[in-house]
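Chemist: Residues per chain are reported as follows:
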Amino acid sequence: MASSTVKKRKGEIIDIVEEVKRSISEKIKDKETLELALKIFEKFYYSGSRAAKEYIREIVERIERGENVEFKT
Amino acid sequence: MLSLRLKEIEIRGFRSFTSPKKIDLDFDIIVLTGGVGSGKSSLLSAIEYALFGTTFEVKERKSIKLDDLVNDFEKEINIKLKLIDDSGNIYEIIRSKPRSKRGRLKVVINGKEYYGRDCEDILFKILSGMTYEDFIRYTFVRQEILEALIYGPPMRRSEALDRLFGISALEEAFRGIPIGDVEEKIGELNSKKSILENIIKQYGTPEEIEEKITQRLKEIGEIRRKKEQIEKEVKRFEEKYKRLREIEERYKTLTIELAKLEALVDSLRKEIDEVEPAIKGVTKEEILLTASELKERISDLLIEFLKGKEAEEIKELEITDEQVLGEFISKVRKAMELLEDIRSEYEYELSTLNERIISSREVVSRLKNKLNVLLLEIDELRRKKEEYDELLSKYGTIGEINKRLDKLKEELKKVEALGVEEKALLEVLKHTIKELTLKGEIKCPVCEREMRKEEYDVKLSVKIEKLSKKTIESDKKAPQLKNEVEKLLKVLERIRTLEGELVDYQFKQREIELLQEEVKKEEEKYYSLLETVEGARERLNRLTRALKTIRRNLELIEKYYELKRKEEELRAYERRMREIRKAFSKLDYSPEKVHSIVQRLSEVRVALSQCERESRQLESSVDELRKVKKEVEKAYKELEEINDKLKALETLRNRLITIKNLFRSIQKEVRKKILEKLVPIVNDVFKKIYPYEDYEELDIRVETKKTSEGYERSVYTIYAKRSIDGEWVPVLNRMSDGQKVLVALALIIAFSNLRPRGISILIMDEPVPNIDANCRKAIVRTLSSAPGIRQLIIATQNPEYEDIVKVGIKTYGIRGRIYRLYYRGREGTVVRVAL
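First to last, the protein sequences are chains Z and S. Following the numbering used here, the residues of the first sequence are numbered contiguously, the last one being 872. Following the numbering used here, the residues of the second sequence are numbered contiguously, the last one being 1220.
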């Protein structure tokens, strides 16, 4: 499920994901690190540990293959 | 936002549901009761599956696969879930999944059907963006969450709350970011980098390698020029060598021939030396004469032994010259072989004759022995014949003897009878005389006439005397006759015996005569054989002696002939040797010359080989250097790539470390923010549902504690304000299970209010057993008054929960339904309405 869909939800008094993202954004100044952190959190939150770990391993494999890795949410 | 609630569900082929079941869910409170395996959880999972296409067991626990959800007796799952919103819109979610195939989704909104990929998005919109994670956190409250909140130790309770709040994802991220994997890759790349750096260090830069290649190519050029010069020299020496090899063949052939001739000459000389003394002083004429004589002798012998044709052949040969000696010797040898054969035949014949002589001698001897035996027998018979003849001449024939014997027997009988009569008469007379003597007169005992002594005394005495004489004579004659008879009987018996014995006399005499004739014949034969043997032996001896003489003479002739032949042969060999020696001097060849050429050729070939080897080595070295250059260039490129990768990975690692630490550090902050908003809502709910007066307000505080592993963990502690003294005390240690359930429900409901969703139901699978009536009432009150929750479904084995429905209907007028579930084998789960 796309996180954008999550963002569209209305009427919530509190949105945990948004709350976490806000905290992360406050702490991380580097844009790419921030994007990576948000992506990892979303993966852990919505898809579970296994999928999140798989996502990070894919990044490592892409680097290993010499591909240019950019982190964008 | 739409507020959805469940209206109806139709289930077929899902877990324990075999046959189709339609269950009305359009109630505020629904309690599902039944024993273990009755299908309560299957019904709740069917709702979960209809909404999200998966279940907690499949997605979270991973204890089963989607295919395991298909009932054993059905081929596919078919679930239709109807929902209704505040405006009365009906939403039908229809999911089906054949075994071993992908599931299908159809959505019907107020009768309008939606298929395909977009269906999931449409459903997501219907649920107002509610995710599966949201559903399992706030809607479908499983037993383990309630248990963790109510009974769990502080750490577990905190984990459950973090899971409820969604903060657990941060902890999972902190723990789960695989920095080790990144570091492992960095390590691998560093190892590769080290290997590549070593390669570069070992071989130098590509420019340095290229410089080496140029130097090697220059060396190769020099060696090639040197090699060309050596090759010319090799060619020159090879031609020379070839010419010498051609001569060498001839030289070797002559050398071998000369060596053979020298050996033959030596051998011939030795043989001549050996033969020469035997015929020393013998002239050609003597030999020719001896040969002529020998020829005559052999011819005579052959004629004597009836080999005229062979004798003619020898005789025809004219011995006038040494040249014919060879043929002569051959013919004589042949003749001798013939004579030897004859001699062998004679020897054989002689041996046969000897055997016959022995045999004949044995026959003669045997016959003579037999004759001797017969002669002895005939001698005995002759003696008996003489006795017989003598007896016959003395006593006559058997008839005559018998006649005489008969007479003698007659006479003996008469004598014996007369003797008896006379003796009786004499006795009578003696008695008469005795009587007369006594009586003087008596009657005659015969005629009874009166006798007187005086008358008859003398008469009687004379008579008595006469009678006495006769008696004596008779007594004398009778034994004589008896002896004579006995003698004659013996003679007769003897004659008869002899006659019996002499029956074979004549036969034996004839036999002796025949035997004597046979002996004579055999002896004649024997002597004839002896004569024959003697003749044969004599001829044999003569032949043997002749052969001996011929052999001796032939040997002499042969030796002479052999000597002459060898001398001729020797002269021929010596002539050939002289020719060979002349040929040697013409050849202009010597092994030393060849050896010198070979040595020189070998030297230049070695030099050539050395050049080729050096050239090959250098070429190989150039190839190697080119390969190395390529490798080094490749290594440079790879190193560059590895450096880039390493840089990227190290950046990633550093970022992940930063993120990992951040995920841990922001947890406290997020918790604080959530609790700031959550606690007032929790208290609102708590005040409404808590029926007791011991506590009036709740607070959730976060404290930092160290885990057994040494990590710092945030632990939630629920405090309550005690009514009696207004003190804040950790409340969960003091409350009953029922009170704790109410606190937990307050938390869940509050959190639901904090995050309102499209679907306003609360599903509880096996909440807490053993709650009292107050609690049950409180739960009903909670649900009847809780904001955001419009429908409660409880699945439990505890029938007391049915009271919740009863109380709700009775006290608050809410709509409730109790379903009792049973499992009926092939029929699957059966649902009965209890209220």
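Hint data in this document are derived by calculation from the structure and do not stem from the laboratory. Hints are supplied without guarantee of correctness; some may be wrong.
[As the list claims (entries may be wrong)] Straight-line Cα separation of at most 20 Å, DMTMM-like style, residue types lysine to aspartate or glutamate; simulated pairs: (1) Lys578/S - Glu860/Z; (2) Lys798/S - Glu869/S; (3) Lys716/S - Glu765/S; (4) Lys1032/S - Glu866/Z; (5) Lys1045/S - Glu866/Z; (6) Lys1053/S - Glu853/Z; (7) Lys447/S - Glu853/Z; (8) Lys1062/S - Asp814/Z; (9) Lys1032/S - Glu818/Z; (10) Lys820/Z - Glu1054/S; (11) Lys570/S - Glu869/Z; (12) Lys1053/S - Glu866/Z; (13) Lys617/S - Glu1054/S; (14) Lys578/S - Glu817/Z.
All of these numbers come straight from a predicted model, not from anything done at the bench.
Chemist: Compare the structure with each hint and give your call.
Modeler: To see whether the hints hold, each was checked on the structure:
{"no.": "1", "hint": "Lys578/S - Glu860/Z", "in the structure": "holds, 18 Å"}
{"no.": "2", "hint": "Lys798/S - Glu869/S", "in the structure": "holds, 13 Å"}
{"no.": "3", "hint": "Lys716/S - Glu765/S", "in the structure": "violated, 72 Å"}
{"no.": "4", "hint": "Lys1032/S - Glu866/Z", "in the structure": "holds, 13 Å"}
{"no.": "5", "hint": "Lys1045/S - Glu866/Z", "in the structure": "violated, 24 Å"}
{"no.": "6", "hint": "Lys1053/S - Glu853/Z", "in the structure": "violated, 27 Å"}
{"no.": "7", "hint": "Lys447/S - Glu853/Z", "in the structure": "holds, 17 Å"}
{"no.": "8", "hint": "Lys1062/S - Asp814/Z", "in the structure": "holds, 11 Å"}
{"no.": "9", "hint": "Lys1032/S - Glu818/Z", "in the structure": "violated, 32 Å"}
{"no.": "10", "hint": "Lys820/Z - Glu1054/S", "in the structure": "holds, 12 Å"}
{"no.": "11", "hint": "Lys570/S - Glu869/Z", "in the structure": "holds, 19 Å"}
{"no.": "12", "hint": "Lys1053/S - Glu866/Z", "in the structure": "violated, 37 Å"}
{"no.": "13", "hint": "Lys617/S - Glu1054/S", "in the structure": "violated, 96 Å"}
{"no.": "14", "hint": "Lys578/S - Glu817/Z", "in the structure": "violated, 43 Å"}
Checked against the numbered hints given earlier, this structure breaks hints 3, 5, 6, 9, 12, 13, 14; the rest are met.
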